[in-house]
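> Sequences are here, hints too, so could you generate the full structure?
If you're matching them up, the sequences are chains G and A in order.
Going by our numbering, 84 is the number at position 84 of the first sequence; the sequence numbering is gapless.
Going by our numbering, 41 is the number at position 41 of the second sequence; the sequence numbering is gapless.
None of these hints come from the bench; they were simulated from the model.
Treat the numbers as computed from the prediction; the structure is a model and nothing was measured.
Treat each hint with caution, since some may be false.
Covered stretches of chain A, as calculated for chain G (at least 3 residues, CB under 8 Å) [claimed, not checked]:
1. 42-54
2. 111-123
3. 202-212
Examples of chain A residues toward chain G, derived with CB under 10 Å [to be verified]:
4. Leu37
5. Leu67
6. Arg73
7. Glu77
8. Ala80
9. Ala106
10. Ile107
11. Phe160
12. Val161
13. Ile163
14. Arg194
Every residue, glycine too, gets a C-beta built ideally from N, C-alpha and C.
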Amino acid sequence: MTCDEAREAFSDLYDATLSGAPLAALRRHLEDCAACRAEWTAFQRAVQAVARLGSAEPSPGFAGRVRQRVEAPSGWRRLVEWLFLPLHVKVPIQALALLLVAFAGLLIYQQSPQVRREAEVPQSGGRAAQEIGRADAQKGEQAERQALPASPRAEPDRPASPAREETRPLAKSAAPAEPRKEGAARATATGPADELYAAALRDSARQEHDRAIAEYRAFIAQHPRDARVPDARLRLADAYFARQRYAEAAAEYESLTRDFPDSPLIPPALFRHGQARLALGDPAACGILREALRRSPDAPEAPEARDALAARCP
Amino acid sequence: MQRAEVPAAPLAAAAVDEDRELVEQARAGDAGAFEALVLVEQARAGDAGAFEALVRRYQGWVFTLALRMVGNRAEAEDVAQEVFLKAYRGLAGFKAASRFTTWLYAIASHHCLNHLQARSRRSAPAGRGRSHAESDAPVAVERLPDGAPRADALLERTDFVRIVQAEMTHLTEEHRLILVLRDIQGLSYEDIARTLGLELGTVRSRLHRARMEMKARLTPYL
Ligand SMILES: [Zn+2]
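Right, dumping it as structure tokens:
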């Protein structure tokens, strides 16, 4: 195997698509050739460096902004869309238009002897029918828009929540009244929701859990349709947990699991719900932890959960 | 930054890790393919909430692709928005037999290429694709899904991240795209071939050339 051949096979080696004789030959070459060995090391490092660029998320509210754009297309666009409706929808409308044309034509023909001679009827009648068709289309669209659920993911209020009274003192502390230096430096906040959420995250990170609790609760109450609500509720529960307010933590984890059964946040919520119940001495903890392990056996919380099960769940 | 001195709460740190996992899952693209199809059906029937949920599900993937292709967040966000608008208009043409992710990734990939080609036509004298990305000093610091910057340890890496991102912008758009799809987004060769409409052999050789070029470019820094 030449050096060129060896280097040509680096990607295959990296992606583990080589086997058998070609793999053995490449391995042998790398053992014997220091230059290719160095190249192979550099190759791996370079690919890993690219991989480490990793993924990123758009700024908060991205999905909502996209939704706004699809929900409010300009009027002419809707008209164009209507004109290109599938044939099976359009045919009856066109048939109706044709009838109207014929009817209008007949009327004009009967009432105006001049036109009878010049026979210019179909044009004006056609335009009228088109107008009617357009009006119909717009009406249809309005109906369609109204048929959309107003708030498909609106969050149910949680009056049973134990720490309800916190909401009021919090609204004040949460309002970004005093300037926050480090918050401002990192400001990605563009509105009250973003600012409130950023403040809550910051307070969580600084272990100022009571403030964070207040801020998360305000965020959830004031922006129930925000995409970050499930995340906020998980973090709220975590903050209760950190303050060893296990009953409130457990209630939050539980309601999150109930309200967002399909959220990817559920596995961690289940594990922590189990741990919170364990801290409360609630025998339900064992079932919750088992369910969490069944659903996500490889989660980072899994080993701890197994230990807890072994130690405390007969 | 004061944050560096304040140890994060263990639970908050754990939450960061899970956010990371969420992003990984979205990147892998097959988390809940079935739920995705359900959402597609609802979105097709005019449910804007379902479409928003679809966007949320795939925004990380699409935005990451756009960011690594164009090199700066603001432009990447515009590109990502346009990708989803295209997808929305094209929903009627999506066949449920194919995977939604493959369909969406194809739209995203082609839109990124078109965008970059239009951009280089606009700024032709500056040379292909480089001046723009560099002048914008690509900020490649990962962010949490909620937009908060990640832990400070990550910031130390930022310089190298910036170098890698900047060197990547010197590749041709096709090479950059295949590198991102494979080594950042983690698609298989087969998925890349389907997404880009290429032969498997072309995927293999193009990816290899892209990686070899990155190796040459990064060697001085490694
Ligand atoms: Zn050699």
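> It remains to establish, for every hint, whether it holds in the given structure.
Hints, one by one, checked against the model:
{"no.": "1", "hint": "42-54", "result": "holds (count 8)"}
{"no.": "2", "hint": "111-123", "result": "violated (count 0)"}
{"no.": "3", "hint": "202-212", "result": "holds (count 5)"}
{"no.": "4", "hint": "Leu37", "result": "13 Å, violated"}
{"no.": "5", "hint": "Leu67", "result": "5 Å, holds"}
{"no.": "6", "hint": "Arg73", "result": "8 Å, holds"}
{"no.": "7", "hint": "Glu77", "result": "5 Å, holds"}
{"no.": "8", "hint": "Ala80", "result": "6 Å, holds"}
{"no.": "9", "hint": "Ala106", "result": "18 Å, violated"}
{"no.": "10", "hint": "Ile107", "result": "14 Å, violated"}
{"no.": "11", "hint": "Phe160", "result": "7 Å, holds"}
{"no.": "12", "hint": "Val161", "result": "6 Å, holds"}
{"no.": "13", "hint": "Ile163", "result": "9 Å, holds"}
{"no.": "14", "hint": "Arg194", "result": "17 Å, violated"}
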